[in-house]
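Participant: Assemble the dimeric complex from its two separately framed chains, guided by the hints.
So you can see what is in the structure, the chains are spelled out below.
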Amino acid sequence: MEFLDRILVFLVLGGAMVFLYRVFRRKKDKRGCGCGTDKCPTRKP
Amino acid sequence: MSTQPPLSVALIGNPNTGKTSLFNMLTGLHQHVGNYAGVTVEKKTGTWTLPDGGQVNLIDLPGTYNLNAASLDERVAVDVLAGHSSDAAPPDLVIVVVDVENLRRNLYLASQASELGVPMVIALNCWDVAERKGLQIDSKLLEQRLGVPVVPTVARTRRGTGALAEAVTRALETRPMLVRPRWPEAVTDSIADLRRELVETRDETLREGELQRLLFDRRSAVAERLKTPAAERDALLRAAREKLHLGGYQPDAAESLLRYRFLNPLLNDILERQAAMKKRSTSESIDQLLLHRVWGLLVFVGMMYVVFQSVYTWAGPLMDIIERGVGWLGGIAGGALTATPILQSLVVDGVIGGVGAFLVFLPQILVLFFFIALLEETGYMARAAFLMDKLFSWSGLNGKSFVPLLSSFACAIPGILATRTISDPKARCITILIAPLMSCSARLPVYLLLIGAFIEPEYGAAVAGLTLFAMHFIGVLLAGPLAWLLHRTLPRSVASQPFVMELPHYRVPQLGRIGHRLYESGSEFIVRAGTVICAMTIVIWALLYFPRPPELAETVQATAQVESPGISEAELEHRLNAAYLKQSYMGRFGNAVQPVFAPAGYDWKITVGVLASFPAREIIISTLGITYALGGEIDEDSDDLRSTLAKARWESGPRAGTPVFNLPVALSIMVFFALCMQCGATVAVIAKELHWGWAIGSFAGLTALAWVAAVLTYQIGMWLA
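Protein sequence lines correspond, in order, to chains A and B. Quick note: the first sequence uses the numbering used here, first residue 1, plus one each step. Quick note: the second sequence uses the numbering used here, first residue 46, plus one each step.
In short, the hints are calculated from the structure, not lab data. Predicted model, so just to flag it, every value in this text is computed and none were measured. Take the hints with a grain of salt, since some may be wrong.
A short, non-exhaustive set of chain B residues, derived as facing chain A with CB atoms under 8 angstroms [claimed, not checked]:
no.	residue
1	Leu388
2	Leu391
3	Val577
4	Ala580
5	Ile583
6	Val584
7	Ala587
8	Leu588
By construction, the Cβ of each residue, glycine as well, lies at the ideal position given by its N, Cα and C atoms.
Pulled out of the complex, with its shape left as it was, chain B reads as follows (with noise of 0.2 angstroms):
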């Protein structure tokens, strides 16, 4: 007995219309929204059951604005639609969700996708916008003339997603078919010599939708596909944009001179704007103060500065909270396991103080996601992409590389993917490798950490926050140095693009989706910290605390014997430990390589936490944490992971005894993490997404950057201090 595969229906549209809304809402995933263009470049796949009961593959594509493919994820979504991917079925029908603020344009690619045969359904989405404005569209008489059914829908609230399952369903049976136009003899030509010359001569596999996208794109996916070799195909096509140009048509403006010409009289009576129209929206009379060229800037800066400083303000009593608990939790395991002296070291020294170090910082990272989302909610992210453009535009930055690069505040890795909206690729290169000096949220612990030991204490949560504020945008200032003089380096590929954004209207934001936001980010930080966090952290205090020979003991109490000879048990159980410490295998690599990082002011147990956290930058949280508790240097007045460092002395050398930690030592740190490319995972995917030469070439110029600037932190700290 053979079982048929689920159908399958795809979502494609122009960017930023509410697609991905549009396929949570009707598959109950919770796949990333966001109200700016390029959210989604890679197709994602769930379950929708519709009401007859009946299950289909729904596929959300990435946005684009046409069928030409220029960049990776436009090719995606043509690749799809062709039936040329090689992971998904070509779908069976294809719903095109429409903004029906900007009807005419996005009914171009619905137009477009028509020619590739495919049964269509249109989904008139924001239409609660449209209400607003006054826009007053016909569906019905629209579904009359473009002969396939349009349904109204509101995404974000449900609403027409019932009246949209069921127009699908009956199309799944009848496959509406969206008109077409009637194209001029010229153009029929052409594509009739194409047809003869590649189908019919050459066997290749083109459907009619093809056939034009090889006519009227100078550059195309499909072209790429032929079977017949380059110098031949590209002499057949040139043959054919010459017949066109001969006809009458410039080959490059031929479609959408055409394809407009043929919409244009079957959208004429159906889009009235109402008189209210004309008034300019509350939306456009916000954005002429926060996109103003001076005070958008200071609105930005003092709204970013307000973000930072609430996270020091709000997390306090929460973090104090997760402190006494992990302070708790450690005595209860220390008491159990005091048979089994090495395991209770491993527990609570390591599980637990190095994991534990890391969870404290959870209310902090909460409190600034939550500002995040709610910017993201009330549209005014993609206001700040937009400034953020205007800023950098002397950088040679393509302007589709802020959208990236705004991701890369959350991680590297969906900013990299990302650059895939970039068709330049040269712009993509550069906004690759900039994109690791956006400040993720690994980096925030470790700031969160210094700033909360050496700078709020002295200096107050405004400060705290300013610093804060600070690291996050040191990336973002030598980005743009760098930007430029890759830009001036590396060869010239095709010619740049401005920046096209569709600016959100703003909105009241939904708490329902900032929730879910803050569930997912909280959750995933406590994940990684339950699993890979805690295993590497196992690893590292197995590097810290072995080998233990216990000849070390001997000696190091007979010389605590001889050096002071009234010396007390705790002292003589402290010194032990530090010595222990300083012998382990990590000890001796981190004093190995402290003559590298002492120009910065690391002393040997810092590097050691720099060195650990090549792999994931939060491990030096955890890593210091092992650090300090197995040297004996956490004890019942210093519970805490920053006290314990404030606390912290040379051991030997021409500052024994003077503080490790101070504010030069504590900033230079930071700076080196802000830099620095301590990702495993970004490297790997940069090769992926470049070459192995770029990752490696971009891990160590960012290394040494980072280095050199902690260094530069550390020697102007100390000669102004």
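Pulled out of the complex, with its shape left as it was, chain A reads as follows (with noise of 0.2 angstroms):
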């Protein structure tokens, strides 16, 4: 159970960490104010 305890956690963390890699990262289409929402449809400033 502890096993699947640090598991669970490990998933829920990655997650986390990989979607604010992918809110925040540079955008190929220039989309993206900086506001941090993910798919921001504005432009680029």
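Facilitator: Take a look at the structure:
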């Protein structure tokens, strides 16, 4: 059970970090005003 | 088989003529609309389905009074119209949105646009206001005179949009062109010279309208696009303007003189004002009071006081419901995850404790946004900008700075983008640098938490509202001297322009539009809580939870049994949690940096909250929520963060056992958040709009200013206490 506990926490934490990376990385289509909202439709200023 | 790209139609017009309202009505989109100039600073595109089933790309362009393109937003409009935009095809048709009350001035822009050779339809917007004011315009006669379809519309109520769609459908086939002035010989000769030198000799691609811009405008966006070397180009332009001057026309004034000389006879008997117009309108009567230099400011302060005070008196019951809901959810999740204690802590202390603490403020934020939307809808916000202009003219700020600064109260990013309307580069730079001092909505949860915990319980809702108002005003107060200082130190650019703003008429607010604004801000808050805030909260939880060395439990247990032999199990667990928290990654970091914030009265937990909030301010709420939850300081009596903070005590040092949070500490934290630029997105936008040097300098400067102000607040507060 302890192993399962650690694995689940690792997955949630990893998922959060991947999500933050996807939100704040430099977008190829130059979208995202910098507000941090995922799939921000505004063009980069 | 090749598919033809869809036709594109551009909406142009003077600022605040209702272009975006019309754009929203025609496309079904919900772009932000404001009844003051400068809300649209970038082009926006949507799909419009015409009555024949065909679809066109509709482009909403920033408002502009002419095509001189002195500011960045005007340049966007001119680039699209002239076909020089990198990501928008030249429009197949232009709809010029005209405010019927200012027909002559609005048609000046239409006349300039016609020189670019684009077919045109004119929408006579705000027709209802004109009718109420007794203005009579013969739209059919105007149509005959101008040579293009003229359609009366009321963008707010969809009136006339069907007729506009039909007119556009027909015009896309017939391509009607607006009548153009017959220019005198001095103008045609100068333009012929420019055409010969630039188009025929140097192979530049320029339309008739662009050649006119080169001739008439002292600083022209068209000139900057030419391939011809700058020195050669400037000599040619000087020669052409000199020729115009010799022909009897002052180059800077020639265009307006000649165009109005052409437009006046076309409009003379079309626009009739009835006798009723001579009376003072209701809006003008109200403005006598609201724009008065003394009474106007008093009404403004009074109105803001009522708004901020209402935030505390109206939102309480809803906040209690959310708090109970969060507590209930935490209980359910905690019970279900007892077998996996680390995951239980992540879900209960991290996600539910952190995000829940943030979500509690939704009702208060909605109440505030309701009043702001109400004031904007009635037309009062434009007056507020006008009053502020009077108040701050001494600081050397350009009058156009006030709309961007007003927008920054919602969020600094659109505010900084809105500075593109400012043509003076120095004034624009100063406005961008002081925009982060305007109290954005992300600061609101921080104020609400601390005022709710330390001011409202002791001094009541009235003082709480006053404090919230003061926190919103402190940035404005410091922005004035800062702007003055920058104005004195930065090199002078072009002459500053006076503030010209058309005040909208007062009107009864549309509840539907206010409801939509509330829905947008509420859903944005919830989505942000469920995505970015939630993900950051999980990472912060991990930094506050790990590492957990097993030997620490033994050490704490042994120490406790030596120091207090009869220690209860609950007290032992509390001590263990506190020890784990203190040696976590974030705990060690907070303890190392705490001496920097000690003069402001912060303990290491507040320091951790402040440091974690540098990417986004509101993170302090969830960070404090997790810190106190992991430290075992949230119990049945303090199931909300506010009461937990009130009970927090110093763990060690000279102040051990005394409350961590008192009034000076709470005020010091609020002042720090009011002034510090804790927003990664704002730093990035300043870098893109100005330069990385400015962004870093502004970040460092505002952080230092915030620290000094926070220390002063705490020290003075403690001295007075």
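Participant: Confirm or reject each hint.
Facilitator: Going down the list of hints, with the structure as the test:
Here the hint on Leu388/B is kept, as its CB sits about 5 angstroms from the closest CB of chain A, short of 8 angstroms. At a threshold of 8 angstroms, the smallest CB-CB gap from Leu391/B to chain A is about 6 angstroms, leaving the interface hint in force. Hint status for Val577/B relative to chain A: holds, with the closest Cβ pair at about 5 angstroms, below 8 angstroms. Because the smallest distance between the Cβ of Ala580/B and any Cβ of chain A comes to about 4 angstroms, under 8 angstroms, the interface hint for this residue holds.
Satisfaction of the interface hint for Ile583/B is found here, the shortest Cβ-Cβ separation to chain A being roughly 4 angstroms, below the 8 angstroms cut-off. With a least beta-carbon distance of about 6 angstroms to chain A, the hint placing Val584/B at the interface is held under the 8 angstroms criterion. With a least beta-carbon distance of about 5 angstroms to chain A, the hint placing Ala587/B at the interface is held under the 8 angstroms criterion. The beta carbon of Leu588/B is not positioned within 8 angstroms of any beta carbon in chain A (closest approach about 10 angstroms), and the interface hint is therefore violated.
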